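A.B. asks: Sequences are here, hints too, so could you generate the full structure?
There are 2 protein chains.
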Amino acid sequence: MIEIAIMGHGVVGSGVAEIITSHKQKLYSAIGEEIHIKKILDLREFPDSPLADRFTKNFDEILNDVEIRVVAEVMGGIHPAFEYVSKLLAAGKSVATSNKELVAAKGAELLRIAKENNVNFLFEASVGGGIPIIRPLNQCLVANNVKEIAGILNGTTNFILTKMIKDGMGFDEALKLAQKLGFAERNPAADIEGHDAVRKICILASLAYGKHIYPDNIHTEGITNITLEDVKFAKKFDCVIKLIGDVKVLDDDRMDIFVAPMLISKNSQLANIDNEFNGIMVRGDCTDDVVFYGKGAGSMPTASAVVADIVDCGKHLKRRKFLFWVDSDNENILPYNESRTAMFLRLKSGDKAVAIERFGDIQVIAEGDECALITPVLTIGEIEQNLEGIDVLSKIRIGDL
Amino acid sequence: MIEIAIMGHGVVGSGVAEIITSHKQKLYSAIGEEIHIKKILDLREFPDSPLADRFTKNFDEILNDVEIRVVAEVMGGIHPAFEYVSKLLAAGKSVATSNKELVAAKGAELLRIAKENNVNFLFEASVGGGIPIIRPLNQCLVANNVKEIAGILNGTTNFILTKMIKDGMGFDEALKLAQKLGFAERNPAADIEGHDAVRKICILASLAYGKHIYPDNIHTEGITNITLEDVKFAKKFDCVIKLIGDVKVLDDDRMDIFVAPMLISKNSQLANIDNEFNGIMVRGDCTDDVVFYGKGAGSMPTASAVVADIVDCGKHLKRRKFLFWVDSDNENILPYNESRTAMFLRLKSGDKAVAIERFGDIQVIAEGDECALITPVLTIGEIEQNLEGIDVLSKIRIGDL
Chain V
100 MIEIAIMGHG VVGSGVAEII TSHKQKLYSA IGEEIHIKKI LDLREFPDSP LADRFTKNFD
160 EILNDVEIRV VAEVMGGIHP AFEYVSKLLA AGKSVATSNK ELVAAKGAEL LRIAKENNVN
220 FLFEASVGGG IPIIRPLNQC LVANNVKEIA GILNGTTNFI LTKMIKDGMG FDEALKLAQK
280 LGFAERNPAA DIEGHDAVRK ICILASLAYG KHIYPDNIHT EGITNITLED VKFAKKFDCV
340 IKLIGDVKVL DDDRMDIFVA PMLISKNSQL ANIDNEFNGI MVRGDCTDDV VFYGKGAGSM
400 PTASAVVADI VDCGKHLKRR KFLFWVDSDN ENILPYNESR TAMFLRLKSG DKAVAIERFG
460 DIQVIAEGDE CALITPVLTI GEIEQNLEGI DVLSKIRIGD L
Chain W
100 MIEIAIMGHG VVGSGVAEII TSHKQKLYSA IGEEIHIKKI LDLREFPDSP LADRFTKNFD
160 EILNDVEIRV VAEVMGGIHP AFEYVSKLLA AGKSVATSNK ELVAAKGAEL LRIAKENNVN
220 FLFEASVGGG IPIIRPLNQC LVANNVKEIA GILNGTTNFI LTKMIKDGMG FDEALKLAQK
280 LGFAERNPAA DIEGHDAVRK ICILASLAYG KHIYPDNIHT EGITNITLED VKFAKKFDCV
340 IKLIGDVKVL DDDRMDIFVA PMLISKNSQL ANIDNEFNGI MVRGDCTDDV VFYGKGAGSM
400 PTASAVVADI VDCGKHLKRR KFLFWVDSDN ENILPYNESR TAMFLRLKSG DKAVAIERFG
460 DIQVIAEGDE CALITPVLTI GEIEQNLEGI DVLSKIRIGD L
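Chains V and W, in that order, give the protein sequences. Just so we're aligned, residue 100 is where the first sequence starts under this note's numbering, counting upward by one. Just so we're aligned, residue 100 is where the second sequence starts under this note's numbering, counting upward by one.
Hints were generated in silico from the structure; no laboratory data involved. Among these hints, one or two may not hold up.
Same chains, same names: a pair is fine if it fits in one copy or spans any two.
Unchecked claim - Quick list of in silico lysine-lysine cross-link-like pairs, BS3-like style, CA-CA up to 25 Å: (1) LYS262 x LYS331; (2) LYS205 x LYS186; (3) LYS310 x LYS420; (4) LYS494 x LYS335; (5) LYS125 x LYS347; (6) LYS214 x LYS414; (7) LYS365 x LYS262; (8) LYS125 x LYS420; (9) LYS365 x LYS331; (10) LYS246 x LYS365.
Bear in mind that the values here come from a model prediction, so they are computed numbers and not experimental data.
C.D. replies: What follows is the structure, encoded as C-alpha cells:
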C-alpha cells in the first residue's frame, strides 16, 4: 500500500481523489500496490465527502506523517505551495503537481531539492492538462535534438479565436461566451494576455534544453488586439490566427522564445486544433514534427495526469527519475527585437507606398480603404524601424509551423 | 558505460547506430553514462562503415558477451528474431525492438520471459515509428480506462488515400507514386491489404487491455477496393476515407477490434492527418480524446524511438518497468458480423427501392445512375443480410471518430 496525501480539494484535487477511488483496480494493475489517500489538505470543510475523515487543515500532519511517501500538490499559486513542496521534498516525500505557476517560477529549485533528497518532483499536468507531453518530451524524444517547440497552450484564448474564425464572433462576445461555458475565468487577464501560455512554453523549454527559463522577461503578447478584420485577412492568405508559445534554439545557441498571436497556414497541424483544445508540436531532428493534441484543462483530464505522476512516484520510491534542469539567469535568451519573422501588417492605404519603399519586396494580399501586407523575414527591430511614423492597424507574426 | 549490441544494419539499424554516434552528448545527459555500441549483427559486410570493427555474423558473440546488457533488435520478421530475443532475455539482457511483426505474434511470450529474468522488453518503435505512443499509453494515460483507440497506423495507405482525396489520383497511379517515393514497397500487399495496420492495433489493444490480441482472426480490410467514386461521395457527405485500426471494449467486456477503411467526418482530428503521416487517437474516460501525430515510419524517426528504449533499458538495468500483458486465446473478441456501425453504400439506382424497404430509415446522400446511401447503425451481419441479392458497388464503415 502506498500512502499519499492531496493538498487542495478544488477542481483538480477533487478529481484526483475521485480517480484514485474509482480507478482502484486499474491503478493496482499498473503499480502492483494499492494507492491509499491518507490525508487531504484544505482550509474548507467537506462534511459530505466520502473521504470526510481524511481532511486536515494542518500541513504538518502531512509533513510529519512518515507513512505518506507521495503528495499531490494541486493548490495552485506560488505561496504557500512552494514552501510546502520544498519541505515535503526535503522530508523525503515525492511530489506530483499540476501547478504551472509553481513549476515556471521555482522548477529548478524544486528539482534541485528533489535530487538532493533522492525523491521525485513530477509535473506532467502542468502543461497541456491531460495531454501527455512532459514524459514524451523527456523520455520518448530523448534521442532527438529538439529544434523547436510550438504550441497552442491555452484553451481559453483558443476558444475565443475559434469563435472569431469560425463564427465571425467579436472578441468581447467570444470572451463572454467562454466565461459562460466555464472556459474563461471572471478575471481573464492571465489567459488573454498570454501569461498562462508563457509559463507553459517556459516549462517545455526548460525541460527540452536543460536550463530553467523564467517567464518574467520573455516577450508575452496576448490576443486582446486581434480583430475580426485580422481574422478575415488571415483567411484570404489561407491562414488562421492562433496564440502560439514558441521556442527554438538558434545556431549561436541563443534561445528565441516568446508568446504571440501568429498567422499559421491552414495546412499546419496546429491550424485545426480548435475550441478549448490544446496542441503541442515538437520538432525533433530525428522525428521531424510530432504533435500532441487534447484537452489542456478541466478537472478530470488534468487530475488523470496528476494521478499518472503519483503512480510514477510510487514506482520510483527509492530512486530518482531522470527529469532535471539546472538554474539559469535567462542569459542566452535572444532579445525579442532580434527575433526574425515575416509580419502581417494592416495599414491605411495612404501608407502603402512608404511601406513598399522601406520594406522592398513586401507582398500586398488585399487592399481597399486599408491594405494588408506581408513583410519579408526581418528582425522585429528592423520591422519596427521601418514602421516608424506609420499608423499600424495590426501587426501579427507569421509562423512557419 | 553501457555496452549494447544492434541486431540488423538495415534502414532502422543503421539509423540507431547513427543516432547513438551523433547524439552522444544528448544521450549522456539523459542517462548519466555513455552508450557504447560493442557489436552489430548482420550477415552483410560493411567495410566502409566507421563501425566496421564492431560487425559480426555470429549471434553467439552477442549472446555470450556478459558486458552487453542491452540489445536493439531491428532485423524484422519473426524468425530468427524471436529465437534470438528469447535467448537474450533469458540471458539477462534487455531488448528494444522496432519489430511490430514480432511483438504482434510473440509479445506475450517475450514479456513473460523478460519478467522471469527481471529484464525489459520494450517496443516504442513498433507502432507509429517516431510518434510516442506506447509509453504515453502505458504511463501518462494509466489513470484512464481506455474506451477506444483508433488510428491511422499505416503511412503507405494514408499516402495513397490522400492522393486520391486531394489530387483525384486513381488508386493504381497513387500506389505507383508511393512506390516511386519510397513510401510503398515493391510488394505492397502487407500495407494495402491492412496486415501492417492490424499488427499495430493489436499491439495497442494488448497494451491497453492487458491481454495479448493475436492479429490472425481479426477482421482486416485494406484499401484495394476504394475507388475515386467512393472518395467523391464521401466528400459530399463532408467526410474523408481513411484506413483505420480500431478497438473498443463493449459493455459486456467483449472487444470490438478490426482494421477497415472508414468514412470519418472532416472535423475529426484524424481527418487532417495526410500523406505518409500517422495519427493515433486514444479515448480515455478521464482525458477524453488525445491524439498523437507524426511520421509513422522512416529510418531516423523509427530509430530515435528504438534509441529512447535503449536509454530506458539502460536506466532500468536492475529493475523491470511495468509494461506487461498476459497471453490469451482471443476469446473475448466480438465476431465481426456482430460489430455495430452505420454503413456507406453505393448501389445501382434500380436497387434503391429494395434497400429503403429493407433498411427502413436509410439516408440517401446522392443519386443518379447509381445512388449513395447511409444505413442506420446495425450489426455487420444485419447489413449483409439486408444486402442479399443486391449488387453492392461499395460498402464502407462510417466512423464516429
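A.B. asks: State the violated hints by number, sorted upward, taking the hints as numbered earlier in the document.
C.D. replies: The structure conflicts with no hint, since it agrees with every one listed earlier.
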